[in-house]
Amino acid sequence: MNFSFRRLWAIARKELIQISRDRRMLPMIFASPVIQLTLLGYAASFDLANVRLAILDQDRTTLSRSLVDSIEHSGTFLITEIASPAQAEAGMIAGNTEAFLTIPSGFTGDVERGQSAALGLVLDGSDSNRAIATRATLDAIVVRQSAPLARIALREFGLESLALDPPLGLVPKIRFNPTLESRPFMIPGVLAMVLTIMTMILTAMAIVKEKEGGNIEQIAVTPIRASEWILGKLIPFIGIALIDVVLVTAVALLWFEIPLRGSFPLLVALSSVFITGTLGLGLLISTVSSTQQQAMLTALLMILPMNMLSGIFYPAENMPAVIRAFALLSPLRWYGIVIRSIFLKGSTFADLWDETLAMAAIGTLFLSIAIARTKRGFR
Amino acid sequence: MRSRPSSYRIVKALLLKEYLHIFRDPRSLFAAFAIPLVLLTLFGYAINFDVKRVTVAVWDQDSSARSRDLLAHLFSAGTLVRVAEVQGNEAIDRTLRRAEARMVLVIPPGFQRSLLRGETAEIQAVVDGADGSFASLSLGYVQGAVAQYGRGIATANLRARGLDELATRIPAIRLAPRTWFNEELESRRFTIPGLMAIIVMMLAAQLTSQCVAREFERGTIEPLIASPLAGWELVAGKLLPYVTIGVGQITLVSVLAVFWFDVPFRGSIPLFVAGGAAFLVGAMGIGLLLSIVTRSQQIAQQAAVIVTMLPSLLLSGFIFPIASMPVVLRAVSYGVPARYFLSIVRGVMLRGADTRALLPDLLFMVVFAVGITALCISRFKKELR
Chain A
1 MNFSFRRLWA
11 IARKELIQIS
21 RDRRMLPMIF
31 ASPVIQLTLL
41 GYAASFDLAN
51 VRLAILDQDR
61 TTLSRSLVDS
71 IEHSGTFLIT
81 EIASPAQAEA
91 GMIAGNTEAF
101 LTIPSGFTGD
111 VERGQSAALG
121 LVLDGSDSNR
131 AIATRATLDA
141 IVVRQSAPLA
151 RIALREFGLE
161 SLALDPPLGL
171 VPKIRFNPTL
181 ESRPFMIPGV
191 LAMVLTIMTM
201 ILTAMAIVKE
211 KEGGNIEQIA
221 VTPIRASEWI
231 LGKLIPFIGI
241 ALIDVVLVTA
251 VALLWFEIPL
261 RGSFPLLVAL
271 SSVFITGTLG
281 LGLLISTVSS
291 TQQQAMLTAL
301 LMILPMNMLS
311 GIFYPAENMP
321 AVIRAFALLS
331 PLRWYGIVIR
341 SIFLKGSTFA
351 DLWDETLAMA
361 AIGTLFLSIA
371 IARTKRGFR
Chain B
380 MRSRPSSYRI
390 VKALLLKEYL
400 HIFRDPRSLF
410 AAFAIPLVLL
420 TLFGYAINFD
430 VKRVTVAVWD
440 QDSSARSRDL
450 LAHLFSAGTL
460 VRVAEVQGNE
470 AIDRTLRRAE
480 ARMVLVIPPG
490 FQRSLLRGET
500 AEIQAVVDGA
510 DGSFASLSLG
520 YVQGAVAQYG
530 RGIATANLRA
540 RGLDELATRI
550 PAIRLAPRTW
560 FNEELESRRF
570 TIPGLMAIIV
580 MMLAAQLTSQ
590 CVAREFERGT
600 IEPLIASPLA
610 GWELVAGKLL
620 PYVTIGVGQI
630 TLVSVLAVFW
640 FDVPFRGSIP
650 LFVAGGAAFL
660 VGAMGIGLLL
670 SIVTRSQQIA
680 QQAAVIVTML
690 PSLLLSGFIF
700 PIASMPVVLR
710 AVSYGVPARY
720 FLSIVRGVML
730 RGADTRALLP
740 DLLFMVVFAV
750 GITALCISRF
760 KKELR
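Protein chains in written order, with the working numbering: chain A, 1 to 379; chain B, 380 to 764.
Fair warning: there could be bad hints in the mix.
Said to hold, decoys possible - In silico SDA-like links for lysine to any residue, alpha-carbon gap of 25 Å or less: (1) Lys211(A) - His73(A); (2) Lys173(A) - Arg388(B); (3) Lys431(B) - Ala140(A); (4) Lys431(B) - Gly457(B); (5) Lys431(B) - Met25(A); (6) Lys431(B) - Asn318(A); (7) Lys761(B) - Arg388(B); (8) Lys209(A) - Ser675(B); (9) Lys431(B) - Ala478(B); (10) Lys761(B) - Ser675(B); (11) Lys431(B) - Ala316(A); (12) Lys431(B) - Pro172(A); (13) Lys761(B) - Met25(A); (14) Lys209(A) - Leu26(A); (15) Lys173(A) - Pro405(B); (16) Lys173(A) - Ala410(B); (17) Lys209(A) - Ile414(B); (18) Lys173(A) - Ser675(B); (19) Lys431(B) - Ala410(B); (20) Lys14(A) - Arg24(A); (21) Lys173(A) - Gln527(B); (22) Lys211(A) - Ser675(B); (23) Lys760(B) - Arg593(B); (24) Lys209(A) - Ala410(B); (25) Lys173(A) - Tyr520(B); (26) Lys211(A) - Lys761(B).
To be verified - Just so you have them, the derived chain B footprint on chain A, three or more residues with Cβ under 8 Å: (27) 39-48; (28) 131-139; (29) 290-303.
These are calculated hints, taken from the structure and not from any lab test.
Quick reminder that beta carbons are idealized off the backbone N, C-alpha and C, glycines included.
Starting from the given sequences, assemble the full structure and let the hints guide the process.
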């Protein structure tokens with residue numbers, strides 16, 4: 001018997017009716033992605049802020065005060081002035097102090113004698129990137145304070161003409177995100193993760209529930225083909241997931257005001273290719289599992305690595321080659337590039353056709369395996 | 380009429396029954412211990428924030444001896460990886476837009492001439508700023524490498540003019556940084572304790588999201604309703620066996636972290652275990668609550684994934700520092716149990732923090748655990764009536 005669109009359509013309609021009957025599902029399907037992105041969008045930022053810095057000023061001169069002031073003015077630090085190093089140490093161990101700056105006594109004296117003066121800085125290195133960024137921010141402040149002192153000294157030597165500028169300069173030109181804020185990059189990433197989770201948990205239960213209920217035998221004796229059944233299950237979820245795509249994109253655009261430089265229709269079109277892949281993976285998990293619990297655990301064990309290894313938060317360049325190769329099978333690996341390129345770089349389909357092709361191929365692969373497995377179950 | 384047996388005996392009987400359930404399914408039990416080990420090993424190798432490999436395209440318009448020497452210097456350390464040669468602004472744009480390189484270095488014509496004349500020669504770094512954090516770290520690296528090369532030239536120039544002694548008489552303020560707890564500033568030291576907390580959290584809520592819903596679905600809840608059991612006895616009987624499994628999981632992942640990934644363990648083991656157990660009560664309480672409220676395995680599990688996965692990853696301080704979050708969100712983070720355990724794992728393992736140092740986190744965690752258990756008990760009573 002041939003593939004029939006009429007049967008496919010009938011199954012899809014039945015599924016849709018069944019989903020809309022379960023009132024408990026509706027808030028989960030539509031409200032939770034919006035709430036999640038709204039809440040988590042605020043968290044997703046690497047920008048350096050509120051670094052808890054303890055300062056021990058043993059010098060107490062105009063110069064040391066002006067240094068503390070300029071650190072305070074940077075707005076990056078929450079400063080507590082302390083009286084003894086022991087206080088800072090306790091704070092570091094308790095985790096209340098992230099960095100500890102000592103201005104030694106004799107600091108101003110050294111500078112006035114024309115010597116170099118070192119400031120002691122102790123960093124909590126646990127969060128290595130935060131420590132590196134803290135060090136760089138403080139370094140820049142100190143260099144700014146130091147430059148006029150050097151100029152004054154040179155004037156005294158009568159060597160003003162001597163350029164102190166280094167003979168080599170690097171002019172950075174930052175594309176796509178000139179302020180280097182992390183939010184415009186992270187929010188599309190979180191959006192992609194929310195979609196991955198929603199789509200996979202929706203379909204991971206779809207088939208196995210029928211198995212547990214014993215319905216699969218009944219369907220096997222009808223003229224319904226495995227491909228019609230699987231695709232019929234898939235179609236309503238594509239519709240639901242597309243509504244989710246529009247909802248979460250709206251949150252990113254209207255609530256977080258992330259600029260969308262590319263085209264909205266392109267975003268929706270490529271998102272639908274992506275969700276077909278993740279929904280397909282959910283269905284595949286559902287066909288190979290024998291209980292709901294197994295299906296859910298398998299889904300969880302796929303979602304977690306997908307989120308961690310797809311380059312959304314952690315640079316894919318840093319991963320071992322084997323893991324990078326595995327990640328190529330994750331639709332999120334490609335969608336992460338797609339969504340960020342469309343949002344931030346205004347990329348067009350010409351830039352993204354290979355990612356799209358990869359997502360389509362992966363989706364087709366998952367669905368074909370799901371159909372093949374179901375066919376075996378029908379016999 | 381026979382009197383009701385003591386609560387102790389009831390809970391013991393319930394525990395036995397639940398353990399029997401668990402041990403009768405050795406595959407699931409094996410999975411409960413194997414999964415965290417596999418995940419931690421996988422992520423432990425894969426995940427780090429270190430800027431170790433930055434792909435760079437080059438447009439050398441000068442192509443002189445000096446420009447080649449500078450490029451050789453920049454690429455010698457292996458952090459910058461030369462992936463392409465480009466020409467023209469359009470090519471730069473395309474390279475960045477297609478993410479073929481993170482950065483394009485442009486050396487303008489006349490670079491060597493300016494250097495030889497003692498003028499300031501400028502080179503350009505066009506950076507893909509989309510990933511702001513990665514961009515600023517890699518830009519910082521390039522700036523440092525260029526400055527180092529520049530200092531070499533500057534010293535040579537001063538020496539040529541017989542002025543190198545002068546340099547020692549110009550005052551400068553500099554930082555003398557030292558790093559504690561993670562001297563090499565390896566991000567792995569930071570992510571692995573975090574991963575331990577995330578993985579245990581996810582599995583904890585999954586495990587318990589099943590247990591009551593299954594009884595509802597199979598109708599075995601009816602005999603429980605008819606029995607004279609108190610709500611708290613039932614909750615304790617359901618929760619405790621899983622807490623012991625969770626303590627086993629925590630022990631295994633900690634051993635893996637310390638002996639395989641060389642994460643230091645500087646604090647006290649009893650504090651760590653006690654903190655872990657209190658965390659597990661809260662984490663598993665969430666699963667149990669969902670199980671009681673939804674009465675459906677499917678919905679309880681789906682809800683457990685939604686409620687635990689992204690919040691644990693994003694609101695616990697695992698990836699993004701809580702200190703940088705807006706006030707409201709910092710308050711919300713207290714509702715994410717992974718947050719507590721994360722700060723205990725990192726505090727005890729990396730910083731050697733003691734009970735007093737971790738007191739606020741421990742207190743909040745106990746409050747959370749008690750609160751969620753109380754909620755489970757009261758909902759359970761309501762559902763049973």
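Here's how the hints hold up against the structure:
Distance check on the hinted pair: Lys211(A) and His73(A) sit about 64 Å apart at the alpha-carbon level, beyond 25 Å; violated. With a C-alpha separation of about 72 Å, the suggested pair Lys173(A) and Arg388(B) falls outside the 25 Å cut-off, and the hint is violated. A threshold of 25 Å between alpha carbons decides the hint, and for Lys431(B) with Ala140(A) the separation of about 23 Å falls inside it, so the pair holds. Under the criterion of a C-alpha separation no larger than 25 Å, the hint pairing Lys431(B) with Gly457(B) is consistent with the structure, at around 8 Å.
About 44 Å separates the Cα atoms of Lys431(B) and Met25(A), which puts this hinted pair outside 25 Å; it is violated. Between Lys431(B) and Asn318(A) the CA atoms are separated by roughly 7 Å; this keeps the pair inside 25 Å, and the hint holds. Distance restraint check for Lys761(B) and Arg388(B): the Cα-Cα separation of roughly 24 Å lies within the 25 Å cut-off, and the hinted pair is therefore satisfied. Distance hint between Lys209(A) and Ser675(B) is fulfilled; the C-alpha atoms sit about 12 Å from each other, no more than 25 Å.
Only pairs whose Cα atoms come within 25 Å are accepted, and Lys431(B) paired with Ala478(B) is accepted, the gap being roughly 17 Å. Our distance criterion of 25 Å between C-alpha atoms is met by Lys761(B) and Ser675(B), whose separation comes to about 17 Å. The suggested pairing of Lys431(B) with Ala316(A) holds, with an alpha-carbon distance near 11 Å, which does not exceed 25 Å. Between Lys431(B) and Pro172(A) the CA atoms are separated by roughly 20 Å; this keeps the pair inside 25 Å, and the hint holds.
Distance hint between Lys761(B) and Met25(A) is fulfilled; the C-alpha atoms sit about 22 Å from each other, no more than 25 Å. Between Lys209(A) and Leu26(A) the alpha-carbon distance is near 18 Å, which keeps this suggested pair within the 25 Å criterion. The hinted pair formed by Lys173(A) and Pro405(B) fails the criterion: a straight-line CA distance of about 59 Å is larger than 25 Å. A C-alpha spacing of about 50 Å is found between Lys173(A) and Ala410(B), which places the hinted pair above 25 Å, so the restraint is violated.
Annotation: proposed proximity of Lys209(A) to Ile414(B) holds, straight-line Cα distance about 24 Å (limit 25 Å). Proposed proximity of Lys173(A) and Ser675(B) is contradicted: the alpha carbons are some 55 Å apart, above 25 Å. Proposed proximity of Lys431(B) and Ala410(B) is contradicted: the alpha carbons are some 34 Å apart, above 25 Å. Taking the CA atoms of Lys14(A) and Arg24(A), the gap is near 18 Å; set against the 25 Å cutoff, the hint holds.
Between Lys173(A) and Gln527(B) the alpha-carbon distance is near 20 Å, which keeps this suggested pair within the 25 Å criterion. Among the hinted pairs, Lys211(A) with Ser675(B) is consistent with the structure: their alpha-carbon atoms are about 16 Å apart, no more than 25 Å. Our distance criterion of 25 Å between C-alpha atoms is met by Lys760(B) and Arg593(B), whose separation comes to about 17 Å. The suggested pairing of Lys209(A) with Ala410(B) holds, with an alpha-carbon distance near 22 Å, which does not exceed 25 Å.
For the given pair, Lys173(A) sits about 15 Å from Tyr520(B) by alpha-carbon distance, which is consistent with the 25 Å threshold. Among the hinted pairs, Lys211(A) with Lys761(B) is inconsistent with the structure: their alpha-carbon atoms are about 32 Å apart, more than 25 Å. Counting residues of the stretch 39-48 of chain A whose beta carbon lies closer than 8 Å to any beta carbon of chain B gives 9, which reaches the threshold of three, so the coverage claim holds. Figure legend: the stretch 131-139 of chain A, annotated as covered by chain B; annotation consistent (7 residues with Cβ-Cβ distances under 8 Å, at least 3 required).
Residues of the stretch 290-303 of chain A lying with their CB closer than 8 Å to a CB of chain B number 8, which satisfies the three-residue condition for coverage.
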